[in-house]
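Listed here are the chains, written in short residue letters.
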Amino acid sequence: DVKVTQSSRYLVKRTGEKVFLECVQDMDHENMFWYRQDPGLGLRLIYFSYDVKMKEKGDIPEGYSVSREKKERFSLILESASTNQTSMYLCASTAVRGLSFGEQYFGPGTRLTVT
Amino acid sequence: DAKTTQPPSMDCAEGRAANLPCNHSTISGNEYVYWYRQIHSQGPQYIIHGLKNNETNEMASLIITEDRKSSTLILPHATLRDTAVYYCIVRAGQNFVFGPGTRLSVLP
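Protein chains in written order, with our numbering: chain L, 1 to 115; chain V, 116 to 223.
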């Protein structure tokens, strides 16, 4: 059974703290993604990675960075958390299949609250 | 990536077919149509995707019009567990753009 896991389901952090969100997939997928989901806005892509040590900015990368040191692990970093980063964060992975890129498998999400 | 338009909400009686429409009039030739759904408090779940031919799998059928400007996701026998937000996405390349989707309520 394919699986994408995220390090925490719920997280509460203070403004200014450095926050690490971890994502691990066990499907040997090349591509991994970080989204945030906010009411009325759907899912918005923050960053993605198509290979180890490679990263690309998505639609809303400001205030975030990422790290992919191993194929199965993709980390999202909030260098200095702010209240407007309170959101649901979703990690996903997909295999490369030409232009189709296959289906994305999502983790359960991390609900982050910044106070 | 092309934009999509979906109705914000729909109801369906349990056991009946649920037909969820999606307009993607600016779709280009190499963009696939994907459908996902999200049940409350869970991550999105892949349902089906297609390019220009109709597709069917164990979860649903995808009907794409000949001009590819719209598509319909069909859940043939909706159950209460199919209550979710359904997202229609068109893309070519690595970037998925999820809009607000359609909230499907399956009623007993």
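In short, the hints are calculated from the structure, not lab data. Misleading hints may appear alongside valid ones.
Unchecked claim - Calculated cross-link-like contacts (lysine to aspartate or glutamate; reagent style EDC-like; alpha-carbon spacing at most 20 Å):
hint, chain 1, residue 1, chain 2, residue 2
1, L, 53, L, 28
2, V, 118, L, 69
3, V, 118, L, 103
4, L, 71, L, 56
5, L, 53, L, 38
6, V, 118, L, 28
7, V, 167, L, 69
Outcome of the hint check:
1. Between residue 53 of chain L and residue 28 of chain L the CA atoms are separated by roughly 15 Å; this keeps the pair inside 20 Å, and the hint holds.
2. Of the pairs offered as hints, the one joining residue 118 of chain V and residue 69 of chain L is violated, with about 34 Å between alpha carbons and a cut-off of 20 Å exceeded.
3. Simply put, residue 118 of chain V and residue 103 of chain L have alpha-carbon atoms about 19 Å apart, close enough for the 20 Å limit, and the pair holds.
4. Between residue 71 of chain L and residue 56 of chain L the alpha-carbon distance is near 15 Å, which keeps this suggested pair within the 20 Å criterion.
5. At roughly 28 Å between alpha-carbon atoms, residue 53 of chain L and residue 38 of chain L are farther apart than 20 Å, so this suggested pair is violated.
6. Restraint check: the Cα-Cα separation between residue 118 of chain V and residue 28 of chain L comes to about 30 Å, which exceeds 20 Å; the hinted pair is violated.
7. For the proposed pair residue 167 of chain V and residue 69 of chain L, the alpha carbon gap of about 38 Å is over 20 Å, so the pair is violated.
The earlier numbered hints that this structure contradicts are 2, 5, 6, 7.
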